[in-house]
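Residue numbers (my numbering), protein chains in the order written: chain A, 1 to 316; chain B, 1 to 432.
By construction, these hints were calculated from the structure, which means they are not laboratory data. Computed from a predicted model, the values in this text were never measured in an experiment. Treat the hints with care, since some could be wrong.
Below, a list of computed lysine-lysine pairs in the BS3-like style, where the Cα atoms sit at most 27 Å apart [to be verified]:
| hint | chain 1 | residue 1 | chain 2 | residue 2 |
| --- | --- | --- | --- | --- |
| 1 | B | K204 | A | K133 |
| 2 | A | K91 | B | K207 |
| 3 | A | K130 | A | K91 |
Stretches of chain A that chain B covers, calculated by requiring three or more beta carbons in the stretch to come under 8 Å of a beta carbon on chain B [what the hints assert, rightly or not]:
| hint | segment |
| --- | --- |
| 4 | 64 to 77 |
| 5 | 95 to 108 |
Partial selection, computed: residues in chain B whose CB lies under 7 Å from chain A [to be verified]:
| hint | residue |
| --- | --- |
| 6 | T7 |
| 7 | V10 |
| 8 | R14 |
| 9 | E162 |
| 10 | A201 |
| 11 | K204 |
| 12 | N206 |
| 13 | A213 |
| 14 | A214 |
| 15 | V216 |
| 16 | L218 |
The beta carbon of each residue, even a glycine, is placed where N, CA and C say it ideally should be.
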Amino acid sequence: MSELSVEAKGLTKYFGAFKAVDHVSLEVPTGSIYGVLGPNGAGKTTSLRMMLGIVDPDSGESRLLGGHTPQSVRHRVGYLPEERGLYPGMKAREAIAFMGALRGLEWAEGRRRAATFMTELGLERVIDEKIRKMSKGMAQMVQLIGSIVHAPDLIVLDEPFSGLDPVNQERLETLVRRERERGATILFSTHVMAHAERLCDRIAIIARSARRFEGTVDAARALLPMQVRYTPRTDDPALAALLPAGAERRGDAWQFPIQDDAVEPLLARITASGHGVAGLSIVRPALHDAFVHIVRQVDAGFDADAHADAIEESAA
Amino acid sequence: MSPFLRTLFVIARRDFLSIVATPTFLLFLLAPLFMIGMGALGGVGASQLADSARGAGRLVVIADPGDMEALRDADDRLRDALPGDRPAALELRIAAANTDPVAVAQEKGRDTYAVMSGSLAAPRIVEREAGSRSGRYLALLATEVLRNRAAGAIAPAAPRFESLTRGGTSIAAQQSIGFGAVFVIFLLTLLLAGQSVGMLAEEKGNKVIEILAAAVPLESVFLGKLLGLLGVAILFIAFWTAMAVGGGLIAMTQIDPAAMAQAGAAAGASAPPAVLAVAPATGWPFFIGMSFLYFVMAFLLLGAVFLGVGAQASTVREIQMLSLPITIFQVAMFSLSTAAANAPGSGLATIAQIIPFSSPLAMAARAATDDAKAVHLLALGWQAIWVALVVYLSVRLFRSGVLSGRSDWRFWKRSAGVATAAATAADAAARR
């Protein structure tokens, strides 16, 4: 996939003296599902807003859908903001049609599609209900439909899963996949790793205002060594000598990380030792662990910097 | 239709419907009824008060029986010819030996403004207020009777009255029309444009502004909101115009045609109805058309300012706080335009016509007194420039202040903050 739906370079934003976003670049291939992950307050939302041209960056630039400025392709973009909001006095069908009309869709067509979408998502009961009478989750689904009702080429969802029950989360995942099949590119931010792991082709991890990782989910997981969980048949303390240095005993099992090239020698050693294998698993750590690892590393780096600065200052 | 215009209309449509399709709008639409009702009640009360006071007032002349007839004749002749308010009713009493004018003046039950007693050549006049018109009038009566007696009866002049009603309206009447236009436009903008203060707070409160800002240019959000509110204003005006015309037609059918014809015959067959005889200098159709256009301009100008100012507020309380200076500003513009309407052609009037926010009001007044028409085109152009400027500035202020999520309202510090941060960063880099 050579074409890019989002091409953001060096986006930087200051809020007063605070650097909220520091040279964040994103390249989202057309037709992919792309996740922007990061802890709370990392700068995800500000990055997305700059990318979409809602906020002007202090430096850097953003191009969408093949080199266009965000302002010139508004009708081809759908956006679900982090702060949800709809006119409480509007009926769901009208609200969806209104959001479509803002992006250039005919009102009548918007109303028609609103009914279709809502029926598909199990919301047919509330099609003609006013927003203020809906639950928060329902209103959020309505807003989500509103942001994709005009069949955009690029869909940007800011924390789409937060506030939804598991059933609706499942529906949303289905919806995202279906939109991708239609040919749309989907970019969403989240701090729930499970969704990203299931959905995303590629992810970017933003922490402390800057992008710390970019690549596939597998590449992120490969940042950490594989984890071995080995349960021998015999209970012999001498076994520890066979295992790598960091091995820990938990109940009957031993746990330790292992490098990719050390797997076969380990298996050979275990078989040769005669302790037997009651249980053995060698797995890649989940995206969750990789994420926590990256964020901790960044935080540690910051703390170390602060520490060094303090020493420097006390010396001076 | 260009995408910009289309989104503008989408916003305007939403705002218009959200305002009009509510029960509270009905209350708003009928609000002038309360105002008219209160005004009518107050007016009736005041006029009743004036009537009863007028009925109670009197002038008393204590004279010999021989002077009575002459005094009554003189009073009949003079009373109608005097300009200004009529003198109070005249009461004639026959002089008796023990009549004390001071006691008469202090009699209970009626207001006695002046009492004249004694001989007509050297009357004694007791008045309630020194130098009052009532005292002078009694003196005039005495003089008139004496003069009549000295000269004998002369035939009164036989004047031929000619009315100027068709030749042109008096300047005073035109100024009144001008003032009326200023007042109506002011009242309508006060009622309607003032609403725009709170309009963006709604979007900010329910976070819809994120959706709008992402989907459409902020300029079209602003203009769309103005347009939607203008639609409401025009609906409001149309409703009341229809009510007025309907009321007028009903009133026409209630008047007896025979009485109308009689009145027409009395005034002369060719005399037009009194109301139509008064006309603004530029003529009624042009004047009404211009007044409407100036209303639109005043509405857009003030509405744009209020929308921009209101966009800085995020809570109802802040909006209420902002409403006061805004109302004061409107009243100031109204006062300026009123002064201008009362002094057409003066330097003050020119100033009021140039200041963009009072210009629509002052120019509407000018259309009533000045028959030049080309100048209105100039004024409309000038005001349109200001509408564009104000919208542009409001959008800038809004974008830089609110949408960036920055809580710091000191906009001059925003760029400074970035500079400081950059300097700090550079400094830190240099130290490494």
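Evaluated hints:
A threshold of 27 Å between alpha carbons decides the hint, and for K204(B) with K133(A) the separation of about 20 Å falls inside it, so the pair holds. For the proposed pair K91(A) and K207(B), the alpha carbon gap of about 17 Å is at most 27 Å, so the pair holds. Between K130(A) and K91(A) the CA atoms are separated by roughly 4 Å; this keeps the pair inside 27 Å, and the hint holds. Check on the segment 64 to 77 of chain A: 4 of its residues sit with their Cβ under 8 Å from a Cβ of chain B, so the three-residue criterion for coverage holds.
With 6 residues having a beta carbon nearer than 8 Å to a beta carbon of chain B, the segment 95 to 108 of chain A meets the requirement of three or more and the stated coverage holds. Because the smallest distance between the Cβ of T7(B) and any Cβ of chain A comes to about 6 Å, under 7 Å, the interface hint for this residue holds. For V10(B), the interface hint holds, the least distance from its beta-carbon to any beta-carbon of chain A being 4 Å, beneath 7 Å. Contact between R14(B) and chain A, as hinted, is supported at the beta carbon level, the nearest pair being about 6 Å apart and thus within 7 Å.
Among the interface hints, the one on E162(B) is violated; its C-beta lies about 65 Å from the nearest C-beta in chain A, farther than the 7 Å criterion. Annotation: interface hint on A201(B) violated; nearest CB of chain A at approximately 13 Å, more than 7 Å. Given the 7 Å rule on beta carbons, the hint for K204(B) is violated: about 9 Å separates it from the nearest Cβ of chain A. The interface hint given for N206(B) is met, as the beta carbon of that residue sits about 5 Å from the closest beta carbon of chain A, less than 7 Å.
Evaluation of the A213(B) hint against chain A yields a held restraint, the C-beta minimum of about 5 Å falling below 7 Å. Taken as an interface hint, A214(B) checks out: its beta carbon lies about 4 Å from the nearest beta carbon of chain A, inside 7 Å. Here the hint on V216(B) is kept, as its CB sits about 5 Å from the closest CB of chain A, short of 7 Å. Hint status for L218(B) relative to chain A: violated, with the closest Cβ pair at about 10 Å, above 7 Å.
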